[in-house]
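Q: Just need the whole structure built from these sequences, with the hints factored in.
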Amino acid sequence: IPNRRRPQFLANSGGGSYASSSPVSSGDSTPPVHSLESIASGLSSGSFRDVLVVVGAGASVSAGIPDFRTPGTGLYDRLSHYNLPRPEDIFDIHYYRGNPRPFVEFCGETWPGRDGGPAPTPSHRFMGLLGDAGVLRRVYTQNIDGLESLAGVGPDALVECHGGFGSASCATCQEDADVGACREAMVVRKEVPTCAQCGGPVKPGIVFFGEKLPARFGKLVKADVHACDLLIVIGTSLAVDPVASI
3 IPNRRRPQFL ANSGGGSYAS SSPVSSGDST PPVHSLESIA SGLSSGSFRD VLVVVGAGAS
63 VSAGIPDFRT PGTGLYDRLS HYNLPRPEDI FDIHYYRGNP RPFVEFCGET WPGRDGGPAP
123 TPSHRFMGLL GDAGVLRRVY TQNIDGLESL AGVGPDALVE CHGGFGSASC ATCQEDADVG
183 ACREAMVVRK EVPTCAQCGG PVKPGIVFFG EKLPARFGKL VKADVHACDL LIVIGTSLAV
243 DPVASI
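Numbering-wise (this note's numbering), the sequence shown opens with residue 3 and increments by one.
No lab work stands behind these hints: they were computed from the structure.
Beta carbons: idealized from backbone N, C-alpha and C, even for Gly.
Some hints here could point you the wrong way.
[What the hints assert, rightly or not] Now the in silico label distances, taken between C-beta atoms and shown as ranges:
1. E39 / P87: 30 to 38 Å
2. A198 / S43: 53 to 61 Å
3. R51 / K214: 28 to 36 Å
4. K192 / S49: 32 to 40 Å
5. A246 / I95: 34 to 42 Å
6. L222 / R116: 24 to 32 Å
7. S49 / R103: 46 to 54 Å
8. R191 / L240: 37 to 45 Å
9. C200 / A229: 23 to 31 Å
A: Put into structure tokens, the structure is as follows:
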């Protein structure tokens, strides 16, 4: 039965993962609360056929990628050596246009797919298994690490809410740029890639503060939420809109 109400998540998740499903009976207006065992049983039996997964930074911590806000170990606390006015400025489009060097150094250390780089975690492999089973409607990830793709989640099933490393463009004139050349400059030569049109700094297709989310998010999210029969939230406290509003 399509989920026609705002999802309500499990309160006893314990690890930043939540699950909610639509009611099994149209005469019962109270959404059921599921245990992990009952969800596993429902997936095995085919009770859930349109699964939506919302993913945050916590899903990638065990891959060696820090989350953003954990005191002492979070990414924002680990950026002090860049001498940024604010930690968030490393992802600010206006700051990048004036001083791209901190983000370039960050990309050189974190670009997905590098030899010896982060590998998908069991959480990411689980999403891939949902896709293999034909029950995954969509993954909405707030992450930019690309681990969902590496775990086998296909492009049709993936919405990278904050963009990713699969494209590149100029931060000044928005002209598309060659992502391979961008990677070569940042990862191999440790240089700021520049635009062939205007000379401005090029960046991968990550959504910075001050930029719009990808159009794909707005195009798909309403229908996906309406149609899903199981919503799983992994590794996010849902503190930042618009993803938090899912």
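Q: If a hint holds in the structure, say so; if it doesn't, say that too.
A: Verification of the hints:
no., hint, in the structure
1, E39 / P87: 30 to 38 Å, "violated (49 Å)"
2, A198 / S43: 53 to 61 Å, "holds (56 Å)"
3, R51 / K214: 28 to 36 Å, "holds (32 Å)"
4, K192 / S49: 32 to 40 Å, "violated (51 Å)"
5, A246 / I95: 34 to 42 Å, "violated (22 Å)"
6, L222 / R116: 24 to 32 Å, "holds (30 Å)"
7, S49 / R103: 46 to 54 Å, "holds (52 Å)"
8, R191 / L240: 37 to 45 Å, "holds (39 Å)"
9, C200 / A229: 23 to 31 Å, "violated (43 Å)"
Hint check: violations occur at hints 1, 4, 5 and 9; the rest are consistent with the structure.
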